[in-house]
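Asker: Going down the list, the sequences are from chains V and Y. Numbered as in the working numbering, the first sequence ends at 205 without a single skipped number. Numbered as in the working numbering, the second sequence ends at 135 without a single skipped number.
Just so you know, the hints here were simulated from the structure itself, not pulled from any lab data. Be a bit skeptical, because a hint or two may be false.
What the hints assert, rightly or not - With a straight-line cut-off of 30 Å between C-alpha atoms, the simulated BS3-like cross-links for lysine-lysine are:
hint : chain 1 : residue 1 : chain 2 : residue 2
1    : V       : K165      : Y       : K69
2    : Y       : K78       : V       : K151
3    : Y       : K130      : V       : K103
To be verified - Some chain Y residues close to chain V (C-beta under 7 Å, calculated; not the full set):
hint : residue
4    : A37
5    : L38
6    : Y59
7    : L68
8    : K69
9    : Y70
10   : A73
11   : Q121
12   : V123
13   : T127
14   : G128
Owing to the predicted nature of the structure, the values given are computational and were not obtained by experimental measurement. By construction, the Cβ of each residue, glycine as well, lies at the ideal position given by its N, Cα and C atoms.
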Amino acid sequence: NAGVTQTPKFRVLKTGQSMTLLCAQDMNHEYMYWYRQDPGMGLRLIHYSVGEGTTAKGEVPDGYNVSRLKKQNFLLGLESAAPSQTSVYFCASRSWGTEAFFGQGTRLTVV
Amino acid sequence: AQSVTQLGSHVSVSEGALVLLRCNYSSSVPPYLFWYVQYPNQGLQLLLKYTSAATLVKGINGFEAEFKKSETSFHLTKPSAHMSDAAEYFCAVSGNSGGYQKVTFGTGTKLQVIP
Chain V
95 NAGVTQTPKF
105 RVLKTGQSMT
115 LLCAQDMNHE
125 YMYWYRQDPG
135 MGLRLIHYSV
145 GEGTTAKGEV
155 PDGYNVSRLK
165 KQNFLLGLES
175 AAPSQTSVYF
185 CASRSWGTEA
195 FFGQGTRLTV
205 V
Chain Y
21 AQSVTQLGSH
31 VSVSEGALVL
41 LRCNYSSSVP
51 PYLFWYVQYP
61 NQGLQLLLKY
71 TSAATLVKGI
81 NGFEAEFKKS
91 ETSFHLTKPS
101 AHMSDAAEYF
111 CAVSGNSGGY
121 QKVTFGTGTK
131 LQVIP
């Protein structure tokens with residue numbers, strides 16, 4: 095039972111490069127989320143999805159794009175990475191009314 | 021809009037002492053409330069959750085929390101701290117008027133347990 099799997103676990107990017115973070119869940123959850131975690135700021139919601147083919151902006155969406163082409167996958171894209179996007183990124187999934195299940199995180203450094 | 025306030029970014033307790041981590045929330049609808057724990061370099065793990073059943077909720081590792089609507093609080097407690105409880109704790113709320121779609125987290129409280 096894998097739960098929520100994030101790839102990659104670590105990545106170093108140069109400013110201006112692009113990359114995609116992949117989140118996969120095997121629990122048939124409707125809702126999926128991307129958060130970033132920065133010291134002293136908790137987890138801030140970047141984008142979320144309430145179902146296949148739907149996405150919505152969270153509180154810090156600028157500089158990121160997402161897609162949910164399949165129910166089990168939620169992709170987070172950075173088109174032109176900036177040092178301010180250095181962070182730990184967490185994916186989560188849940189069903190309506192239940193708790194969120196988290197992946198192990200992706201540590202991204204932009205130099 | 022829903023929000024969570026955790027009082028105290030760092031809390032220190034002696035081993036065997038009471039643990040009290042404070043959380044206040046705001047929500048325009050009856051909330052679902054959660055406490056998560058995060059150990060270094062790991063993801064978040066659910067400790068306990070309130071989903072409108074009993075107001076006193078028991079979780080894993082001896083933790084419990086009480087939902088108090090009049091105080092809009094959901095404080096986390098444990099009678100006797102262990103060294104293994106040292107971690108960061110996050111309170112979260114789901115309950116905005118958009119159908120409980122989003123989960124909003126507090127800024128976290130780091131718990132230090134002193135031998």
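Asker: Would you mind marking each hint as holding or not holding in the structure?
Answerer: Each hint, compared with the structure:
For the hint linking K165(V) to K69(Y), the alpha-carbon distance of about 25 Å falls within 30 Å, and the restraint holds. Proximity of K78(Y) to K151(V) is assessed by CA-CA distance (about 34 Å); at most 30 Å being required, the pair is judged violated. As the CA atoms of K130(Y) and K103(V) are separated by approximately 24 Å, the hinted pair is consistent with the 30 Å bound. For A37(Y), the suggested interface contact is broken, since its CB lies about 25 Å from the closest CB of chain V, more than 7 Å.
Here the hint on L38(Y) is broken, as its CB sits about 24 Å from the closest CB of chain V, past 7 Å. Of the supplied interface hints, the one on Y59(Y) is violated, with its beta-carbon coming no nearer than about 11 Å to a beta-carbon of chain V, more than 7 Å. Interface hint at L68(Y): violated, since its Cβ lies 9 Å from the closest Cβ of chain V, which is beyond the 7 Å cut-off. Annotation: interface hint on K69(Y) holds; nearest CB of chain V at approximately 5 Å, less than 7 Å.
The restraint placing Y70(Y) at the interface with chain V is violated, with a minimum CB-CB distance near 10 Å, outside the 7 Å limit. Nearest Cβ of chain V to the Cβ of A73(Y): about 12 Å, over the 7 Å cut. The hint is violated. Here the hint on Q121(Y) is kept, as its CB sits about 5 Å from the closest CB of chain V, short of 7 Å. Because the smallest distance between the Cβ of V123(Y) and any Cβ of chain V comes to about 5 Å, under 7 Å, the interface hint for this residue holds.
Given the 7 Å rule on beta carbons, the hint for T127(Y) holds: about 4 Å separates it from the nearest Cβ of chain V. Look at G128(Y): its Cβ gets to within about 5 Å of chain V, closer than 7 Å, so that hint holds up.
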